[in-house]
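Here the protein sequences line up with chains A and B, keeping their order. If you read the first sequence in our numbering, its first letter stands for residue 1, the second for the next number, and so on. If you read the second sequence in our numbering, its first letter stands for residue 1, the second for the next number, and so on.
Treat each hint with caution, since some may be false.
To be verified - Straight line, CA to CA, 30 Å or less: simulated BS3-like cross-link-like pairs of lysine-lysine:
1. B:109 - B:42
2. B:109 - A:7
3. A:7 - B:67
4. B:105 - B:2
5. B:42 - B:105
6. B:42 - B:2
7. B:102 - B:67
8. B:109 - B:2
9. B:102 - B:56
10. B:109 - B:56
11. A:65 - B:56
12. A:65 - B:67
13. B:109 - A:65
14. B:42 - B:102
15. A:7 - A:65
16. B:56 - B:105
17. A:7 - B:105
18. B:105 - B:67
As the list claims (entries may be wrong) - A short list of chain A residues far from chain B (calculated; beta carbon distances all over 12 Å):
19. 26
20. 63
21. 71
22. 74
23. 87
24. 104
Because the hints were derived from the structure by calculation, they are not lab data. In this text, a Cβ means the ideal position worked out from N, Cα and C, and glycines have one as well.
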Amino acid sequence: SAVISQKPSRDICQRGTSLTIQCQVDSQVTMMFWYRQQPGQSLTLIATANQGSEATYESGFVIDKFPISRPNLTFSTLTVSNMSPEDSSIYLCSVLTGANQPQHFGDGTRLSIL
Amino acid sequence: QKEVEQNSGPLSVPEGAIASLNCTYSDRGSQSFFWYRQYSGKSPELIMSIYSNGDKEDGRFTAQLNKASQYVSLLIRDSQPSDSATYLCAVRGSQGNLIFGKGTKLSVKP
């Protein structure tokens, strides 16, 4: 399976600031996704990162709050903007290498906002 | 709204026993089903994938799928304390993404 590197692994941020999370894959992948896992909860899809075009956001998530880039088939970034304590979560990058393949996850970014 | 339901547990079994984890899903058209294991503080790790009705075995793990009943299960034989984790059932959505259940916390007692 693809090797997924996600940075940073954790961060503590001040309210009102923004943080960009990077996801690098060691091979070209079909699809890249960003998920959020709030404390004690399951995973919720934020958006699908589309190569060369705007990301597709799920209900409840907007581009102004979570801008996403995917400049090529191996790299994507998620920015969490104007952070508040409610944004304290684990953010996970996931990739799909083929239509009938399972998804694999990066190690996640553990984000705490003070 | 596609949904995946799991019993949140906690499910406690003694070491060496069979742990049975269950999951139901709402979209009858779903074709791809996955079980992930998540240790505390870690990201989800794929355990099993299943696409056809019936059983699929991999070592101590058996996934079972019944599309008519919209039911997926995971059996863990000879449970070990190292199997203690949260198990997430996931169904592939129409966009290729995964729709997750809330997870079942399994505790295997020595």
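- Given pair status - residue 105 of chain B, residue 56 of chain B, alpha carbons within 30 Å: OK: residue 56 of chain B and residue 105 of chain B at ~22 Å, within 30 Å.
- Query: When you look at the beta carbon of residue 74 of chain A, is every beta carbon of chain B farther off than 12 Å?
  - Reply: holds, 17 Å
- Item | residue 42 of chain B paired with residue 2 of chain B [C-alpha distance capped at 30 Å] | Answer holds: residue 42 of chain B to residue 2 of chain B is near 26 Å, not above 30 Å.
- Could you grab the alpha-carbon distance between residue 7 of chain A and residue 67 of chain B and see if it respects the 30 Å cut-off? violated, 39 Å
- Taken at face value, is the distance from the CA of residue 67 of chain B to the CA of residue 102 of chain B at most 30 Å? holds, 20 Å
- Pairwise hint evaluation, residue 105 of chain B against residue 7 of chain A, where the allowed Cα distance is 30 Å at most: Given that 30 Å is the threshold and the Cα spacing comes to 28 Å, the pair holds.
- Are the Cα positions of residue 42 of chain B and residue 102 of chain B separated by 30 Å at most? holds, 16 Å
- Should the label of residue 71 of chain A as a non-interface residue stand, given a Cβ cut-off of 12 Å to chain B? For residue 71 of chain A, whose nearest Cβ neighbour in chain B is about 20 Å away, the distance exceeds 12 Å, so it holds.
- Message: Between the alpha carbons of residue 65 of chain A and residue 67 of chain B, is the straight-line distance 30 Å or under?
- Response: Given pair residue 65 of chain A, residue 67 of chain B is violated - Cα atoms ~38 Å apart, limit 30 Å.
- Message: According to the definition I'm using, a residue is off the interface if its beta carbon is farther than 12 Å from all beta carbons of the partner; does residue 63 of chain A meet that for chain B?
- Response: Per Cβ check, residue 63 of chain A is outside 12 Å of chain B; nearest 17 Å; holds.
- Message: Check the hint pairing residue 42 of chain B with residue 105 of chain B against an upper bound of 30 Å on the C-alpha distance.
- Response: holds, 14 Å
- Given the hint that residue 105 of chain B pairs with residue 67 of chain B, does the C-alpha gap stay at or below 30 Å? holds, 24 Å
Of the hints listed earlier, those the structure fails to meet are numbers 2, 3, 8, 11, 12, 13 and 24, in rising order.
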